[in-house]
Each structure stands twice: as C-alpha cells, then as structure tokens.
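Q: Read off the chains here:
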Amino acid sequence: MEVRVANVRKEFERFPALHDVSLDIKSGELIALLGPSGSGKTTLLRLIAGLERPTRGKIFFGDEDASQKSIQERNVGFVFQHYALFRHMTVADNIGFGLKVRHGASRPPAAEIRRRASELLDLVQLSGLEKRYPAQLSGGQRQRVALARAMAIEPKVLLLDEPFGALDAQVRRELRRWLREIHDATGHTTVFVTHDQEEALELADRVVVMSQGRIEQVGTADDIYDTPNSPFVYGFIGESSSLPVKIENGEIWLADRPIGLQAPHAPSGDATLYFRPHDVELLEGCSGCIAGTVAASRRVAGTRRVELEIGGERQRVEIELPVDHPAAQKSRVAFRPGRWKLFPAA
Amino acid sequence: MTTAPAQAGWRFRQPSVIPGFGLTLGFSLAYLTLIILIPLSGLIWRSASLGWVDFWAIASDRRTINALQISFGTAFIAAAVNVVFGTLVAWVLVRYRFPGRRIVDAMVDLPFALPTAVAGIALTTLYAPNGWIGKLLMPLGLKVAYTPLGIVIALIFIGLPFVVRTVQPIMEEIDKEVEEAAATLGASRFQIITRILFPGLAPAIITGFSLAFARGVGEYGSVIFIAGNLPYKSEIAPLLIVIRLEEYNYPAATAIAAIMLALSFLMLLIVNLVQTWSRKRYG
Numbered sequence: 001m002e003v004r005v006a007n008v009r010k011e012f013e014r015f016p017a018l019h020d021v022s023l024d025i026k027s028g029e030l031i032a033l034l035g036p037s038g039s040g041k042t043t044l045l046r047l048i049a050g051l052e053r054p055t056r057g058k059i060f061f062g063d064e065d066a067s068q069k070s071i072q073e074r075n076v077g078f079v080f081q082h083y084a085l086f087r088h089m090t091v092a093d094n095i096g097f098g099l100k101v102r103h104g105a106s107r108p109p110a111a112e113i114r115r116r117a118s119e120l121l122d123l124v125q126l127s128g129l130e131k132r133y134p135a136q137l138s139g140g141q142r143q144r145v146a147l148a149r150a151m152a153i154e155p156k157v158l159l160l161d162e163p164f165g166a167l168d169a170q171v172r173r174e175l176r177r178w179l180r181e182i183h184d185a186t187g188h189t190t191v192f193v194t195h196d197q198e199e200a201l202e203l204a205d206r207v208v209v210m211s212q213g214r215i216e217q218v219g220t221a222d223d224i225y226d227t228p229n230s231p232f233v234y235g236f237i238g239e240s241s242s243l244p245v246k247i248e249n250g251e252i253w254l255a256d257r258p259i260g261l262q263a264p265h266a267p268s269g270d271a272t273l274y275f276r277p278h279d280v281e282l283l284e285g286c287s288g289c290i291a292g293t294v295a296a297s298r299r300v301a302g303t304r305r306v307e308l309e310i311g312g313e314r315q316r317v318e319i320e321l322p323v324d325h326p327a328a329q330k331s332r333v334a335f336r337p338g339r340w341k342l343f344p345a346a
Numbered sequence: 347m348t349t350a351p352a353q354a355g356w357r358f359r360q361p362s363v364i365p366g367f368g369l370t371l372g373f374s375l376a377y378l379t380l381i382i383l384i385p386l387s388g389l390i391w392r393s394a395s396l397g398w399v400d401f402w403a404i405a406s407d408r409r410t411i412n413a414l415q416i417s418f419g420t421a422f423i424a425a426a427v428n429v430v431f432g433t434l435v436a437w438v439l440v441r442y443r444f445p446g447r448r449i450v451d452a453m454v455d456l457p458f459a460l461p462t463a464v465a466g467i468a469l470t471t472l473y474a475p476n477g478w479i480g481k482l483l484m485p486l487g488l489k490v491a492y493t494p495l496g497i498v499i500a501l502i503f504i505g506l507p508f509v510v511r512t513v514q515p516i517m518e519e520i521d522k523e524v525e526e527a528a529a530t531l532g533a534s535r536f537q538i539i540t541r542i543l544f545p546g547l548a549p550a551i552i553t554g555f556s557l558a559f560a561r562g563v564g565e566y567g568s569v570i571f572i573a574g575n576l577p578y579k580s581e582i583a584p585l586l587i588v589i590r591l592e593e594y595n596y597p598a599a600t601a602i603a604a605i606m607l608a609l610s611f612l613m614l615l616i617v618n619l620v621q622t623w624s625r626k627r628y629g
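The listed protein sequences derive, respectively, from chains L and V.
So in my numbering, spot 42 of the first sequence is number 42, and the numbers just go up one at a time.
Each position in the second sequence, counted from 1, maps to that position plus 346 in my numbering.
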C-alpha cells in the first residue's frame with residue numbers, strides 16, 4: 001500500500017511539532033525516519049497510524065484519504081519501543097488478539113486464529129512459545145512477538161517506533177538483519193523510526209532525515225551520506241568537520257589565503273565549508289591548502305584522528321589519517337578536502 | 347573460617363546483605379503476637395471453654411444466624427457496589443483532568459477520617475422517613491433507614507475509600523501504549539476496557555473488594571444508628587455481641603465472635619487464593 005503524507009502540520013497545544021511535512025512512501029518500501037529527539041519523527045509515525053490527528057493536511061493510503069478514519073479502521077500494524085504486549089495473555093493470545101476482536105463474518109474461527117498465530121510464531125522464529133506469558137520472555141523475544149501481533153491483522157502498513165531502542169547492541173544488530181529478511185519475505189510497506197543512523201542507513205531502502213519538525217532530506221543511504229543537502233544532514237550523518245570561509249570570485253578563501261578550491265557558482269560572501277575527516281588529501285608544502293598545527297591526536301580503531309588548529313582564529317577541525325602515516329608525527333599538517341560542500345553562513 | 351555452614355547445623359537462610367534480619371523478625375513476631383495473636387487465641391480459648399453443645403446452641407440460635415446473615419450479606423452487597431462505583435471514581439480521578447479534581451480526590455478519604463458515629467447519624471438523618479432523601483424515597487415505597495438497605499448504604503459509605511485507594515495506583519501504572527496497541531489492532535473502546543484494562547486491574551479490584559468487605563463485616567459505629575437494630579431483621583452481629591456483653595453473657599458473646607472470626611478468615615482465604623491464581627496468570 002502506498003502512503004502519501006500531504007502538507008501535514010501538527011501542533012501540540014499551540015507548540016508546532018511538525019511544520020508542513022510531505023512524504024511519498026512507495027508500496028513495499030522499507031523507510032526509516034531518522035532524526036534527533038524532538039525532531040518530530042515519532043509524531044509523524046503516530047500521525048500515519050492515526051494515534052494522533054493532524055492539525056492540517058492529509059494522509060492518504062493508496063488513493064483513499066485516511067486522515068479522517070479512526071485508528072481501528074486504518075488497519076495498520078504498530079510496534080512500540082517498549083513492546084506494549086498484553087501481559088495477562090499468552091503469546092498466542094497476544095498475536096491472535098487483532099483477529100479475535102473482529103466482528104461477525106470477518107472474524108476467523110478460533111482454530112484458524114490459532115493456526116495463524118503459530119504460523120506467525122514460526123516466521124518470527126519463536127515456534128513453540130505459544131503458551132508463554134510475556135513476562136517469561138527476553139526483550140528481543142517480546143519485540144518479535146509484538147511484530148508478529150502487528151502482522152497478524154495483515155496491515156496495510158507496518159509502523160515501528162524505535163523498535164530496537166530498548167534492546168542491547170548485540171540483539172539489536174541481530175534483529176536488524178532479521179527485520180530486513182522478514183520485510184523481504186512479506187513485502188509489507190514498512191516505516192520505522194530511529195535515532196540510530198547506522199540502523200537507518202543499513203536497514204532502509206530510503207532514509208528520511210528530520211530535524212525540528214521538518215524533513216531535511218529524503219534519499220538512499222548513498223544520497224544521504226555522499227550528497228547531504230543541508231548543514232544539519234552533513235553534521236548529523238557520519239563524521240564531519242566544518243570551517244568558516246569566504247568566497248570571492250568563485251574562489252574559496254580561508255582568512256587571508258586561498259585554499260585551492262573553486263566554487264564558480266557560489267555567491268561571494270561568508271560561507272561554511274563542510275567535509276568528511278576521512279576524505280582529505282595530505283599535501284607537502286602549501287600553496288593553496290588548509291594548514292594547521294596539531295593540537296591533539298587520538299587513535300580510533302583503524303585510523304588516527306588528528307585535531308588541527310587552523311589560522312589565527314585557532315579554528316579546530318578534525319581529519320583522519322592512516323595509523324602509520326608520517327604526518328601524524330609532525331607538528332604542522334597541510335591538507336585539502338576531497339569531497340566537500342559549501343553552505344551559506346548561518 | 348572455622349564455623350562452616352555444614353557444622354553450624356540448621357539455620358536461617360541469610361536473606362540478604364542488609365543486617366538486622368534477626369532483630370527485626372524477632373520484633374515483628376513479638377509485636378504481632380502481642381497485638382493480634384494473643385487476643386484472638388484468648389477469644390478462641392474462651393469460646394472453647396463453653397463446651398460443644400452450648401456452643402452449638404448459641405450458634406444455631408435463630409437470632410445469631412440472622413445477625414450473621416445480615417452482617418455478611420450487607421457487607422458483601424456493599425463491597426460489590428463499591429467495586430463498581432469505586433472503580434469508576436478511580437477511573438475519573440486517574441484519567442481526566444478537571445477543575446476540582448484534587449478536592450474530589452481528597453473527598454474520597456473522608457469516610458476514613460470521619461468518626462463512624464457521625465457518619466451514621468448523618469446518614470440516618472438523611473434517609474429517615476422525614477429526612478431529605480428519605481422523604482423522596484417514601485412515596486416510591488422505598489424505606490431505607492431502619493432496614494438492611496440502610497445498613498448497606500452505611501457500609502457503602504464506609505467502604506468506598508478502600509476500593510478507590512487500592513485500584514487508583516494500579517490504574518495510574520497502566521501503560522497508555524498498551525491501549526494504543528489494542529486500538530491499532532482494531533479493538534473498540536469497549537473491547538479495550540473489557541479485554542485489556544479490566545483483566546489488568548482485576549487483582550487490585552479483588553483486594554479492594556476484600557478490604558471493603560472485611561471493613562463492612564466489622565463495622566459498628568455507623569451502622570447501629572441507621573439499622574434500627576430490630577432483632578431478626580436489621581440487627582448486625584457486632585451489635586448482638588455487644589448486647590450479649592451487656593447481659594453479662596460472656597460465653598455467648600465470645601461464641602458469636604469466634605464464628606465471625608472463622609467466617610472472616612475463610613473469606614480472606616478465598617480472596618487470597620483468587621489473588622494468587624490471578625497473579626500467577628498475569629504475572
């Protein structure tokens with residue numbers, strides 16, 4: 001099922017949580033809403049589910065306007081961060097709940113509900129745990145039950161709110177791969193919320209980066225990482241360094257010297273230069289480069305991270321060097337960023 | 347270590363690293379013995395000295411049986427009514443924010459604090475045939491004061507806070523997400539209440555019921571004013587005990603008391619069994 005969010009605004013007691021957000025989700029797509037806390041990602045998810053009503057704007061499921069439909073009518077599967085399982089019901093009853101509460105002819109017979117529950121338990125790799133109560137399961141198992149419960153109603157969309165947020169790192173990685181497999185097997189249109197960029201980039205077909213109630217960028221992991229379209233995305237996704245620069249006649253100047261980068265289409269004036277610390281070219285001698293004094297040098301996993309103080313303003317930037325690179329021993333390092341981007345100064 | 351556990355023989359399992367277990371347990375046992383166990387065993391001892399035949403004669407006396415029936419019957423009905431409306435009051439207090447909520451919340455505790463005799467007199471004045479409410483009920487053929495119905499009303503008044511105060515904290519703990527989950531799965535508001543919320547509250551409701559019931563069985567002060575105290579009709583067991591005492595008929599008084607004790611114990615046992623069962627299920 002396609003989902004279309006059209007110019008949605010949401011206010012909580014006059015405080016806007018979402019400003020005019022639009023988003024098209026393709027059928028069968030696995031999409032991640034990524035952002036820091038307070039960015040509105042959970043609000044957007046809850047609006048799609050119908051747990052909140054938009055202040056303005058509409059949400060379409062296919063061609064149907066779903067915004068005026070109640071939660072019950074929307075037929076969405078929702079998975080909560082803290083599982084929200086019914087603790088007085090067995091695992092099988094939890095999964096069958098959505099079918100049991102249906103009325104009249106749409107409710108399958110009891111045997112059919114049981115069969116479906118154990119089928120879904122097989123799918124989430126928890127066969128044989130039908131009779132357990134949620135209290136007797138581990139966190140990872142509970143979240144699988146919650147997912148099975150959400151899928152039991154054959155939802156139009158599967159919505160997951162920080163599904164792995166309450167689990168430890170090991171289980172989280174495992175479930176991440178497993179969710180991808182389940183998605184590929186069942187083909188549900190799936191939207192999940194996360195503040196973990198690794199999770200979003202690894203798992204999702206497309207990532208929606210959000211900040212302060214707005215969508216900053218929508219794209220594949222490659223788009224988001226390689227061509228961030230705003231300083232926020234550049235800073236939020238992966239490591240980044242920035243420097244205040246000045247543009248004159250298409251040339252980038254750092255304080256009083258050009259750094260050898262051309263920006264022919266950029267307007268003259270103040271700007272901020274963004275680049276990735278690992279994507280730099282080290283130079284010997286310097287005519288048109290960025291040069292700085294080594295202020296600190298740290299070993300991080302397979303690389304060495306060097307902090308440089310640049311120019312008279314002692315602006316600090318980080319670059320990454322191979323561990324055995326001789327430049328790390330020097331007191332002065334010159335470099336030029338490989339891939340970089342300019343944004344007008346704030 | 348020279349004193350290995352094996353050599354020490356039988357001893358208490360060390361329950362935790364917190365010191366003072368022996369001292370506090372000893373104090374608790376001594377205290378409970380002094381306050382509860384000695385008076386109750388004195389009661390049983392006194393009634394046992396009565397002899398089986400005499401005891402049976404008192405126990406099977408029509409007046410005794412009626413008094414016990416009225417005491418336990420009215421207490422049961424009142425507790426049942428309180429479960430329904432007490433849960434409702436707790437729901438309103440927990441779920442909604444309205445002006446005066448704190449006042450209503452404080453009002454629930456009034457029956458705890460008010461001297462029971464005051465409550466009894468106030469209720470009698472209201473429900474008497476010429477009282478404010480009694481006057482309105484009279485034409486409907488409903489006589490409240492001086493009937494078992496009056497006793498029920500007094501016990502409802504007394505028992506309400508027990509239900510509200512046991513259910514309220516559990517209700518506050520209910521996770522909103524659980525309700526939202528049920529709604530996304532297609533459950534209607536009614537289904538959410540009956541299938542999700544109520545089963546979760548059941549243990550608290552049962553506890554509230556048993557507290558209100560136990561209080562109702564033993565209530566004296568508020569009831570004797572409104573009951574009218576007609577033997578066989580609206581005479582409660584605690585009053586009958588007082589009457590026997592005033593007649594210096596101590597054996598009869600202790601016999602009735604012992605029966606009440608046994609019945610109360612039985613009720614609490616049943617309630618506890620239900621509790622254990624539901625706790626095992628709902629963990």
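Hints in this document: simulated from the structure, not taken from any laboratory.
Even glycine gets a Cβ: it sits at the ideal position worked out from N, Cα and C.
One should not assume that every hint holds.
[Claimed, not checked] Straight-line alpha carbon distances no greater than 20 Å define the calculated DMTMM-like cross-link-like pairs of lysine to aspartate or glutamate that follow:
hint: 1; chain 1: L; residue 1: K246; chain 2: L; residue 2: D256
hint: 2; chain 1: L; residue 1: K69; chain 2: V; residue 2: E525
hint: 3; chain 1: V; residue 1: K626; chain 2: L; residue 2: D93
hint: 4; chain 1: V; residue 1: K626; chain 2: L; residue 2: E130
hint: 5; chain 1: L; residue 1: K100; chain 2: V; residue 2: E526
hint: 6; chain 1: L; residue 1: K26; chain 2: L; residue 2: D184
hint: 7; chain 1: L; residue 1: K58; chain 2: L; residue 2: E2
hint: 8; chain 1: L; residue 1: K246; chain 2: L; residue 2: D184
hint: 9; chain 1: L; residue 1: K131; chain 2: L; residue 2: E162
hint: 10; chain 1: V; residue 1: K522; chain 2: L; residue 2: E181
hint: 11; chain 1: L; residue 1: K100; chain 2: L; residue 2: E112
hint: 12; chain 1: L; residue 1: K341; chain 2: L; residue 2: E318
hint: 13; chain 1: L; residue 1: K58; chain 2: L; residue 2: D20
hint: 14; chain 1: L; residue 1: K26; chain 2: L; residue 2: E154
hint: 15; chain 1: L; residue 1: K69; chain 2: V; residue 2: E592
hint: 16; chain 1: L; residue 1: K156; chain 2: V; residue 2: D407
hint: 17; chain 1: L; residue 1: K246; chain 2: L; residue 2: D226
hint: 18; chain 1: L; residue 1: K246; chain 2: L; residue 2: E202
hint: 19; chain 1: L; residue 1: K341; chain 2: L; residue 2: D226
hint: 20; chain 1: V; residue 1: K522; chain 2: L; residue 2: E162
hint: 21; chain 1: L; residue 1: K156; chain 2: L; residue 2: E2
hint: 22; chain 1: L; residue 1: K156; chain 2: L; residue 2: E181
hint: 23; chain 1: L; residue 1: K330; chain 2: L; residue 2: E320
hint: 24; chain 1: L; residue 1: K100; chain 2: V; residue 2: E525
[What the hints assert, rightly or not] Far from chain L by the CB rule (all over 12 Å, computed), these chain V residues:
hint: 25; residue: A376
hint: 26; residue: L386
hint: 27; residue: V430
hint: 28; residue: I479
hint: 29; residue: G480
hint: 30; residue: L495
hint: 31; residue: V524
hint: 32; residue: A529
hint: 33; residue: L531
hint: 34; residue: I538
hint: 35; residue: P545
hint: 36; residue: M613
Q: Decide, hint by hint, whether the structure agrees.
A: Now for the hints, and whether the structure bears them out:
1. About 9 Å separates the Cα atoms of K246 (chain L) and D256 (chain L), which keeps this hinted pair within 20 Å; it holds.
2. Pair hint K69 (chain L) plus E525 (chain V) holds up; C-alpha atoms about 18 Å apart against a cutoff of 20 Å.
3. Between K626 (chain V) and D93 (chain L) the CA atoms are separated by roughly 17 Å; this keeps the pair inside 20 Å, and the hint holds.
4. Between K626 (chain V) and E130 (chain L) the CA atoms are separated by roughly 17 Å; this keeps the pair inside 20 Å, and the hint holds.
5. At most 20 Å may separate the alpha-carbon atoms for a hinted pair to count; K100 (chain L) and E526 (chain V) meet this at roughly 17 Å.
6. A threshold of 20 Å between alpha carbons decides the hint, and for K26 (chain L) with D184 (chain L) the separation of about 14 Å falls inside it, so the pair holds.
7. Taking the CA atoms of K58 (chain L) and E2 (chain L), the gap is about 14 Å. The hint holds against a cut of 20 Å.
8. Under the criterion of a C-alpha separation no larger than 20 Å, the hint pairing K246 (chain L) with D184 (chain L) is inconsistent with the structure, at around 48 Å.
9. Proposed proximity of K131 (chain L) and E162 (chain L) is contradicted: the alpha carbons are some 27 Å apart, above 20 Å.
10. With a C-alpha separation of about 30 Å, the suggested pair K522 (chain V) and E181 (chain L) falls outside the 20 Å cut-off, and the hint is violated.
11. Taking the CA atoms of K100 (chain L) and E112 (chain L), the gap is near 11 Å; set against the 20 Å cutoff, the hint holds.
12. The straight-line distance between the Cα atoms of K341 (chain L) and E318 (chain L) is roughly 16 Å, inside the 20 Å bound, and the hint therefore holds.
13. For the suggested pair K58 (chain L) and D20 (chain L), the alpha carbons sit about 10 Å apart, so the restraint of at most 20 Å is met.
14. A C-alpha spacing of about 18 Å is found between K26 (chain L) and E154 (chain L), which places the hinted pair at or below 20 Å, so the restraint holds.
15. Between K69 (chain L) and E592 (chain V), the direct Cα distance comes to roughly 71 Å. Violation of the 20 Å bound is thereby established for this hinted pair.
16. Using a Cα cut-off of 20 Å, the hinted pair K156 (chain L) and D407 (chain V) is violated, with the two alpha carbons roughly 71 Å apart.
17. For the hint pairing K246 (chain L) with D226 (chain L), the CA-to-CA distance comes to about 23 Å; that exceeds 20 Å, so the pair is violated.
18. Restraint check for K246 (chain L) and E202 (chain L): the C-alpha separation of about 36 Å exceeds 20 Å, so the hint is violated.
19. Distance check on the hinted pair: K341 (chain L) and D226 (chain L) sit about 10 Å apart at the alpha-carbon level, within 20 Å; holds.
20. For the hint linking K522 (chain V) to E162 (chain L), the alpha-carbon distance of about 17 Å falls within 20 Å, and the restraint holds.
21. Taken as a hint, the K156 (chain L) and E2 (chain L) pair is honoured in the structure, with Cα atoms around 9 Å apart against an allowance of 20 Å.
22. Of the supplied pair hints, the one linking K156 (chain L) and E181 (chain L) holds, its CA atoms being roughly 18 Å apart against a limit of 20 Å.
23. Restraint check for K330 (chain L) and E320 (chain L): satisfied, since their Cα atoms lie roughly 14 Å apart, inside the 20 Å limit.
24. A distance of roughly 16 Å separates the Cα atoms of K100 (chain L) and E525 (chain V); the hinted pair therefore holds under the 20 Å criterion.
25. Even its closest Cβ contact with chain L, about 37 Å, leaves A376 (chain V) beyond 12 Å, as expected for a residue assigned away from the interface.
26. Remark: the non-interface label on L386 (chain V) is consistent with the geometry, its nearest Cβ contact in chain L lying 36 Å away (cut-off 12 Å).
27. Distance check for V430 (chain V) against chain L: the nearest CB is about 21 Å away, which clears 12 Å, and the non-interface claim stands.
28. Here I479 (chain V) stays apart from chain L, with its beta-carbon at least about 41 Å from theirs, past the 12 Å limit.
29. Separation of G480 (chain V) from chain L is adequate, the least Cβ-Cβ distance of about 44 Å exceeding the 12 Å criterion.
30. Here L495 (chain V) stays apart from chain L, with its beta-carbon at least about 37 Å from theirs, past the 12 Å limit.
31. At roughly 5 Å from the closest C-beta of chain L, the C-beta of V524 (chain V) falls inside 12 Å, breaking its exclusion from the interface.
32. Look at A529 (chain V): its CB is around 5 Å from the nearest CB on chain L, not clear of 12 Å, so calling it non-interface is violated.
33. Not every CB of chain L lies more than 12 Å from the CB of L531 (chain V), the least distance being 4 Å, so the non-interface label is violated.
34. The beta carbon of I538 (chain V) sits about 9 Å from the closest Cβ of chain L, which is not more than 12 Å, so the claim that it is off the interface is violated.
35. Once the 12 Å rule is applied to beta carbons, P545 (chain V) is inconsistent with being away from chain L; the minimum gap is 4 Å.
36. Every beta carbon of chain L lies more than 12 Å from that of M613 (chain V), the smallest distance being close to 25 Å; the non-interface claim holds.
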